[in-house]
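*Asks:* Sequence:
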Amino acid sequence: MVVMLVLVLVMVVVMVMVEVICHVFAVVGVALVLVALVVVIELVVVMVLLMEI
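Heads up: the sequence shown runs through residues 616 to 668, numbered per the working numbering.
Worth flagging that the hints you see were computed from the coordinates, not collected in a lab.
Backbone N, C-alpha and C fix where the C-beta goes; we use that ideal spot for every residue, glycine too.
A hint or two may mislead.
Label-pair ranges, simulated between beta-carbon atoms [claimed, not checked]:
1) C637 x M662: 31 to 39 Å
2) V617 x V650: 48 to 56 Å
3) V631 x V655: 33 to 41 Å
Turn these sequences into a full structure, and let the hints steer you where they fit.
*Replies:* Structure, rendered in structure tokens:
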């Protein structure tokens with residue numbers, strides 16, 4: 616009986632950790648995409664300014 620409870624607790628802890636890790640990776644991924652978009656926009660603006668000169 617105690618072994619079953621311990622196994623259930625371990626399962627729950629693992630599930631929660633996986634959820635947290637997934638959320639962290641999702642947030643980091645979104646941040647990286649936003650940074651990449653900003654860099655691309657800046658590069659395009661610089662190219663346009665160079666073409667204008």
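*Asks:* Which of the stated hints cannot be reconciled with the structure, identified by number in ascending sequence?
*Replies:* none
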